[in-house]
Amino acid sequence: MSSLTLYASDVVALARKDLRLELRARDTLPAMLLFVLSTLVVFHFALPTGTSADAAYGLLWIAIVFTALLGLARAWAPEREGGALDGLVLAPCDRSAIWLGKTLAVLVFLTAAELVALPAFALFFAPVDLVAVAGVVLASVGICTVGSLLAAMAAASRGREVILPLLFLPLAIPLIVGGVGAGISPQGASYLSFLALYDLVFAILAWATFEYVITE
Amino acid sequence: MTVLASGDERSVVHGDCIEKRYGRKRVLRGVSFAVPRGGFLVVTGSNGAGKTTLLRLVAGLAAPTRGVLEVNGERGDLGFLGHEPLVYRELTALENLELFGRLYRVADRRERSGMLLERFGLWDARSDRVSTYSRGMVQRLALCRALLHEPALLVLDEPFTALDDDGAGILDTELAALAGDRTVMLSTHDPARVEALATDRLVLT
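Residue numbers (our numbering), protein chains in the order written: chain V, 1 to 216; chain P, 1 to 205.
Hints are computed from structural coordinates only; laboratory data are not their basis. Note that the coordinates shown come from a computational prediction; the quantities given were computed from them, not determined experimentally. Check each hint, because a few of them may be wrong.
[To be verified] Computed from the model, here is a short list of chain V residues facing chain P with C-beta under 7 Å:
| id | residue |
| --- | --- |
| 1 | A13 |
| 2 | A15 |
| 3 | R24 |
| 4 | G83 |
| 5 | L90 |
| 6 | A91 |
| 7 | C93 |
| 8 | A156 |
| 9 | E216 |
Built from N, CA and C at the ideal position, the CB exists for glycine as well.
Use the sequences and the hints to build the structure in full.
Listed below in structure tokens is the structure:
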């Protein structure tokens, strides 16, 4: 088996493990679905009639980012509980596979939440076009890429519930700008390029630095 | 610093004047030791003497603040049992061993998992989630995980903890079979139990 195939099979095994854990424990996904839906419902009733689509897109992104934060805060909980992260760190596999597996699992959870959020948004606020959907997809990749790295950093600290938002939200601002821009701007494609570049840069950074984040 | 290197030096693990601090608290001071290939080092000391810290340093899970620690071997050559079981509580014993077997590159992981579960008396509970296990069963599974890839260096932190007489007996047999063939570092509060196997002793104060 080539090293790339081996790496991919490690990533798939780790991501599948997270999905299996979630199917059993149901700790994260139900909370994310409930949160994103209830947030949009609250926004719908809180905002005056005739609110512009521009403002509504901002609210969509607030809902998405905080839903992601909810998932990220729980992302490394199974590894913390039984010390399983030490077992993974000691394994002779490439340690970046641990990060990538976690990123894929969180992306699946966030995508599921967005599959509920986007129809709800279209129902309550404004139609969603293909460029906006592409913006959500690209921004979600960025959120999970950066978020799973920062969540691993926060998981090692005592004040993880406070540290994660402090680290994550500033880095999520470009994603919010890109996501909102893709939804409302006539130059949506430029925002998509910006999001793709963000994803690429931060994926490389996270891939290269994860080993140092999880080892002393 | 910790050096993890391949080589065939006489000592598999060699520590020289190791110091470890957590913030201002000094946990280890001036610890020196060597474990030859096939050696069996028993680490003893009172609570808080730094046994767990030392073994985590050897495993590469932490780095010394000062001193030199050399571990000759690849990362996958090491089997570690810590205070935590290092398994997923919502997976079954078989699923845990399958996952770690894959990551530790165990070619015949199904057969090896089955054999270890049988040997440690967990075969009947192989499809139960670890969260339903007793503390002793979790410890048995943790031992299965540590031994799964037939490591050349075994680092065991108080492995008899939570084991009943049967479990401790199984571990005695397992350690006796490994002694001489594998290099073992083991911390315990009951050194008499492994006295016959020990080739070296390290007392932390």
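The hints, checked one at a time:
no., hint, in the structure
1, A13, "holds, 5 Å"
2, A15, "violated, 11 Å"
3, R24, "holds, 5 Å"
4, G83, "holds, 3 Å"
5, L90, "holds, 6 Å"
6, A91, "holds, 4 Å"
7, C93, "holds, 5 Å"
8, A156, "violated, 12 Å"
9, E216, "holds, 5 Å"
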